[in-house]
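From first to last, the protein sequence lines stand for chains A and B.
The first sequence begins at 1 in this note's numbering and counts up by one.
The second sequence begins at 1001 in this note's numbering and counts up by one.
The hints are simulated quantities; they were obtained by calculation from the structure and are not laboratory data.
Where hints are given, some of them may not hold.
Distance ranges between label pairs, derived from CB positions [to be verified]:
#: 1; chain 1: B; residue 1: Asp1349; chain 2: A; residue 2: Ile119; range: 24 to 34 Å
#: 2; chain 1: A; residue 1: Lys129; chain 2: B; residue 2: Arg1109; range: 27 to 37 Å
#: 3; chain 1: A; residue 1: Lys129; chain 2: B; residue 2: Ala1094; range: 36 to 46 Å
#: 4; chain 1: A; residue 1: Glu235; chain 2: B; residue 2: Asn1387; range: 55 to 65 Å
#: 5; chain 1: B; residue 1: Asp1350; chain 2: A; residue 2: Gly23; range: 24 to 34 Å
#: 6; chain 1: B; residue 1: Asp1349; chain 2: A; residue 2: Glu235; range: 39 to 49 Å
#: 7; chain 1: A; residue 1: Pro95; chain 2: B; residue 2: Glu1320; range: 56 to 66 Å
#: 8; chain 1: B; residue 1: Arg1109; chain 2: A; residue 2: Asp118; range: 51 to 61 Å
#: 9; chain 1: A; residue 1: Ile59; chain 2: B; residue 2: Ala1055; range: 52 to 62 Å
#: 10; chain 1: A; residue 1: Glu78; chain 2: B; residue 2: Arg1040; range: 51 to 61 Å
#: 11; chain 1: B; residue 1: Asp1350; chain 2: A; residue 2: Thr199; range: 23 to 33 Å
#: 12; chain 1: B; residue 1: Gly1287; chain 2: A; residue 2: Glu78; range: 24 to 34 Å
#: 13; chain 1: A; residue 1: Glu78; chain 2: B; residue 2: Glu1320; range: 53 to 63 Å
#: 14; chain 1: B; residue 1: Asp1349; chain 2: A; residue 2: Glu63; range: 22 to 32 Å
The structure presented is a predicted model; accordingly, all values stated were derived computationally and were not measured.
Backbone N, C-alpha and C define an ideal beta-carbon position, used for all residues, glycine too.
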Amino acid sequence: MTTPMLEIRDLHVRIAEREILKGVNLVVPKGEVHAIMGRNGSGKSTLSYVLAGKDDYEITSGEVLLDGVNILEMEPSERAVAGLFLAFQYPIEIPGVATMTFLKAALNATRKGRGEDDISTPDFMRAVKEAGAQLNIDSDMLKRALNVGFSGGEKKRAEILQMALLKPKMCVLDETDSGLDIDALQVVSKGVNALRDGTRSMLVITHYQRLLNHIVPDVVHVFSDGKVVESGPKELALELEAKGYAGFDGEKAA
Amino acid sequence: MSVIPVRLGPAETKLIEQLHAVGASAEAERLAAIGLPTRRVEAYHYTDLKLLLRAVPELAEASSVTDESALSISGAFRLGIANGQVQAHGAAPAGVIVGHTKGGVLTTRDDVVTRLNGAFTTDALTLDLTGTVGPVIQIDRRVEGRAGHSTSSARIFVGDGGSAVIVEVYSGSDEAHLSNHATFLQVGKGATVTHITVNLMSAKATHFATSEYMLGEDANLRTLVINAGAAVSRTQVFPRFAGAGAHADVTGLNLVSDGQHADITMDALHAVPGTSSKPLFKSIARGRSKAVVQGRLVVARDAQKTDAKLMSQGLMLSDEAEILVKPELEIYADDVVCGHGSTCGQLDDDHLFYLVSRGISKPEAETMLVRAFLAELIDPIEDEALNAALTGVIEGWLAKG
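Could you build all of it, start to finish, from the sequences and the hints given here?
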């Protein structure tokens, strides 16, 4: 049996005294795209932050294995270098940090982790230009400070651009569809689909089925009250859309 | 009114003795009567000289070092003042007349640092600038040899319609010097001037610098103070907006590490109608250190339509660092837009997390964010060589972290 790309075993997480994740179990095999659907406040975003290593959370038990290696003891930067990428629901604006400077620093950090040399400036420019063209990202956008003054759609496209450049093994997309109109959604989805290569895995977090028409998952997991309550093929998303979350977790809609 | 006699400390006693020795008896008697300013003097509230100035070294002996510079700016026209003496220099570029004259700066300001500078300085550098001066003018002010008390002064006149970029670098041997430098800079009608001062004094030194500006009609001035050296430093910036349409971006940066105390004090006078200023000061403090920013905007009664915004931002990189900020607005006119703001804090956790989540190591991410914090001050410096030199000062400071 091959090692899964991502394996989450009985993960319990709390903030202050409140338990948010209550025993998450999830396996994403290599090359597969899995979706997590769940209502607001079910802990989906917490899961994405815990995977990426944000330190506001207390992990009380469980394991997270990335390609067989437990990443919970690793620094966020080490996780990224190991091949994990989180596309943020709300990408952060950082005034004073030039987008290109940031992209180069990130790219060189991940290359260094793989034992590769720093990328040359012409190669870097070419790589950004190529990846940007697919996502309708022009050089004007890249000249600005990181995410500063970007529209919602531009921010999400910039996230996918980073993903394309850094070539992670495991992508976690947190509500990538939020704030996108239908055209922008298509551009972003196209960008994501272009990165499906049979080896790279993805975990797509959303609370609308809409996104999954564009990024078609292999498996859908229903998330409720801090854990996975149901898993099934992509048709599960449609069933969920028809019945609502209440049909799966018995709770009233929030 | 009864006068309570001031108890004089060893630093004051030494200063009084030195003032008498150079024939400045009136100044000596004045200092004997009131002593150095303490925190009770508002302008020195956070920089109590009676407390901070423990000892005064002997008056520095003459020196003639000309080829030393703490900051290399390629293409700059260099002038030097070592231990108060104006040094020989190379051929001046077009539009630049270099001279020297007796005495200190032309100021009537009642400030102890300025008064002491005036009393001790015998030889002042003069610069007359006309037209567009191509090269950056660099004035190196050094205190050489063993620990010494050294003062210097420069008077710079930029003619109507002229433009110039002037950088002053304060440095010296690694001793417990007391340096006190002054500059008077007149910006003519419609002239555009950038004036930068960089304090790179030894970490054992006490350093004072005062820059006084007189802005004519439609004059445009950008200033940048960088305090990166000395155990105790205070840089004073006194712009006077004397012509309608005059504008100044008065900026400054305190970079303090363990054991350092750095103070930038601005006192701006908007004297006539229709002038504007944008003072922006930043401080980064690490270790057990103290950064001070005081900014006072005075708007005279006739100075209607003054537009002045004062901002101070602090970044604390340790729990033991202190950043002390005091804005003051003194407005006598009734039709003005004046304001001030201040922020102080640590690096933003969300910013940091975003960067490290992309594989950038925490120290590198922190450096990127510190650079971003400072970009507003450095980016407007257009001369590439100068911009690179100043960036080098900042990077050097960060690397020492």
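Which of the listed hints are broken here? Failing hints, ascending: 2, 7, 13.
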